[in-house]
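Once you know that position 42 of the sequence shown is 42 in my numbering, the rest is easy, because the numbers rise by one and skip nothing.
Wrong hints could be hidden among the right ones.
Heads up, simulated EDC-like pairs for lysine to aspartate or glutamate below, C-alpha to C-alpha not over 16 Å straight-line [unchecked claim]:
1) K203 / D334
2) K417 / D322
3) K127 / D163
4) K182 / E93
5) K203 / E239
6) K128 / D163
7) K208 / D163
8) K183 / E239
9) K367 / D334
10) K379 / E399
11) K57 / E93
12) K112 / D83
13) K417 / E397
14) K79 / E102
15) K183 / E399
16) K183 / E93
17) K372 / E399
These are computed hints drawn from the structure, not numbers from a lab.
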Amino acid sequence: MNIIIGHSNTDLDCLGSMVLAKYLYPDYTIIRSRLSHPVAKNVFNLYKNSINFDTAKILKGEHINKVVIVDTRTSNRIKEYFDFADYTIDDVEDVIIYDHHEADCCDIKHAKLYSEPLGSNVAIMVKKLIEAEISINSNDATIAMTGVFGDTGSFTFESVTTDDFNAASWLLSQGAQMNIVKKFLQPMKEEAQLDIFHSVMNKLTVKKLLGHYILLSYIEIPKQMSGIGGVVEKIMEVENPDAFFLIVAIEKGNQTLIIGRSQKERIDINLLVKPFGGGGHKMAASAKIKKYKSIEFMDEFVWHLRKSLLPSISAGVLMTTDVYTINENSTLMDASLFLEEIHHTGCPVVNDSDELVGVLTLRDISKGRMSKQMHSPVKSYMARKIETFVESSSVREIEKMFFSRNLGHIPVVNEKKIVGIVTRRDFLNYIQEASSFR
Numbered sequence: 001m002n003i004i005i006g007h008s009n010t011d012l013d014c015l016g017s018m019v020l021a022k023y024l025y026p027d028y029t030i031i032r033s034r035l036s037h038p039v040a041k042n043v044f045n046l047y048k049n050s051i052n053f054d055t056a057k058i059l060k061g062e063h064i065n066k067v068v069i070v071d072t073r074t075s076n077r078i079k080e081y082f083d084f085a086d087y088t089i090d091d092v093e094d095v096i097i098y099d100h101h102e103a104d105c106c107d108i109k110h111a112k113l114y115s116e117p118l119g120s121n122v123a124i125m126v127k128k129l130i131e132a133e134i135s136i137n138s139n140d141a142t143i144a145m146t147g148v149f150g151d152t153g154s155f156t157f158e159s160v161t162t163d164d165f166n167a168a169s170w171l172l173s174q175g176a177q178m179n180i181v182k183k184f185l186q187p188m189k190e191e192a193q194l195d196i197f198h199s200v201m202n203k204l205t206v207k208k209l210l211g212h213y214i215l216l217s218y219i220e221i222p223k224q225m226s227g228i229g230g231v232v233e234k235i236m237e238v239e240n241p242d243a244f245f246l247i248v249a250i251e252k253g254n255q256t257l258i259i260g261r262s263q264k265e266r267i268d269i270n271l272l273v274k275p276f277g278g279g280g281h282k283m284a285a286s287a288k289i290k291k292y293k294s295i296e297f298m299d300e301f302v303w304h305l306r307k308s309l310l311p312s313i314s315a316g317v318l319m320t321t322d323v324y325t326i327n328e329n330s331t332l333m334d335a336s337l338f339l340e341e342i343h344h345t346g347c348p349v350v351n352d353s354d355e356l357v358g359v360l361t362l363r364d365i366s367k368g369r370m371s372k373q374m375h376s377p378v379k380s381y382m383a384r385k386i387e388t389f390v391e392s393s394s395v396r397e398i399e400k401m402f403f404s405r406n407l408g409h410i411p412v413v414n415e416k417k418i419v420g421i422v423t424r425r426d427f428l429n430y431i432q433e434a435s436s437f438r
């Protein structure tokens with residue numbers, strides 16, 4: 001068996017490097033760490049259907065012939081992968097390492113090391129792909145791009161090289177979706193605005209308007225100051241709302257600023273601040289009112305948003321309406337044949353009244369097969385605790401579910417009956433179609 005591994009506690013750069021290594025070694029199996037950084041875990045959950053990773057448990061009883069290691073060169077950072085084997089990495093004679101941590105010592109025997117002092121390990125992998133004239137798909141380019149941005153601090157760290165920029169350029173040419181990358185990486189602009197940042201955070205107001213998650217804050221300052229826009233960017237990074245509006249009343253000059261940022265196509269900041277004499281772009285715009293506004297202005301502005309915003313895209317719009325289902329009284333054997341016929345790994349389960357009662361997956365069927373119960377009814381093995389949407393569920397609720405849960409598809413119900421299903425692919429298609437807005 002030949003495998004691709006990265007360091008324990010996978011981060012974005014390691015994840016992206018493993019995905020790219022698969023193109024160089026297509027017959028190798030990628031083994032993922034038991035632990036992942038939260039953002040890397042979100043990326044993995046979103047793209048789980050397109051990146052085929054296994055766990056170290058499959059190595060039990062297997063003889064490993066060749067190993068490719070990415071983003072580390074020290075044995076203690078890959079020890080977990082051999083917990084299920086009766087040997088260590090030093091017992092594997094064919095080991096290739098791709099790593100950019102040149103300050104670390106390589107303590108792995110028999111290893112052939114490809115090392116360059118680049119800001120990201122992904123940049124090393126990209127160079128190898130370019131040399132081999134190998135192209136990659138858009139999803140993998142997006143995953144790899146998060147690694148470049150993550151390990152270079154969005155190209156602000158001193159370790160950044162021209163190769164990192166070249167790697168990003170190449171990934172963009174391969175279809176990397178920057179609107180998705182941005183969802184995971186919102187860089188901090190300036191540290192000097194911490195005082196005002198904490199003041200804004202302490203006064204945040206949350207409003208759910210027409211399906212949008214909107215944050216607002218009102219502060220008063222004695223005079224105009226620079227860097228307020230950076231504070232707004234930081235709030236967007238930390239809180240990740242659909243949109244944020246900061247209202248700043250400035251005593252000197254008797255004026256009020258409205259600064260807005262958006263992450264959604266249907267929240268056009270430029271149009272929303274125009275009635276107040278403002279302008280800018282869809283994603284970022286501001287207005288200056290030549291009058292000192294008190295905190296009561298917040299209510300006026302919320303009312304303006306409520307009547308001006310377009311409703312959020314909902315599950316009813318994104319969902320696929322043609323949904324395959326299995327009756328709870330069908331046998332596991334019939335369900336297995338049905339899933340094989342439609343090429344699905346799982347399916348919602350309904351009762352005789354067509355009400356959703358559970359979900360059955362190939363893993364559930366496998367349990368029945370191991371117990372020699374393939375003629376048992378589906379309801380004996382299906383999962384009864386299931387997540388669902390209603391047609392009015394917002395894109396934000398859908399995004400949260402796919403980012404935080406290991407789910408590939410979620411039924412949309414109306415009075416217990418399935419009216420559609422939202423898949424990871426539906427969600428990704430929506431984000432990609434919105435990329436022209438970004």
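The hints, checked one at a time:
1. K203 / D334: Since the Cα atoms of K203 and D334 sit roughly 58 Å apart, the hinted pair is violated (cutoff 16 Å).
2. K417 / D322: holds, 13 Å
3. K127 / D163: Roughly 8 Å between the alpha carbons, so the hint for K127 and D163 holds.
4. K182 / E93: violated, 41 Å
5. K203 / E239: holds, 13 Å
6. K128 / D163: holds, 12 Å
7. K208 / D163: Violated: K208 and D163 sit about 43 Å apart, past 16 Å.
8. K183 / E239: Roughly 11 Å between the alpha carbons, so the hint for K183 and E239 holds.
9. K367 / D334: holds, 15 Å
10. K379 / E399: violated, 29 Å
11. K57 / E93: Measuring from Cα to Cα gives roughly 21 Å; hence the hint is violated.
12. K112 / D83: violated, 23 Å
13. K417 / E397: violated, 20 Å
14. K79 / E102: Violated, at about 20 Å.
15. K183 / E399: holds, 10 Å
16. K183 / E93: violated, 41 Å
17. K372 / E399: With Cα atoms ~39 Å apart, K372 and E399 exceed 16 Å; violated.
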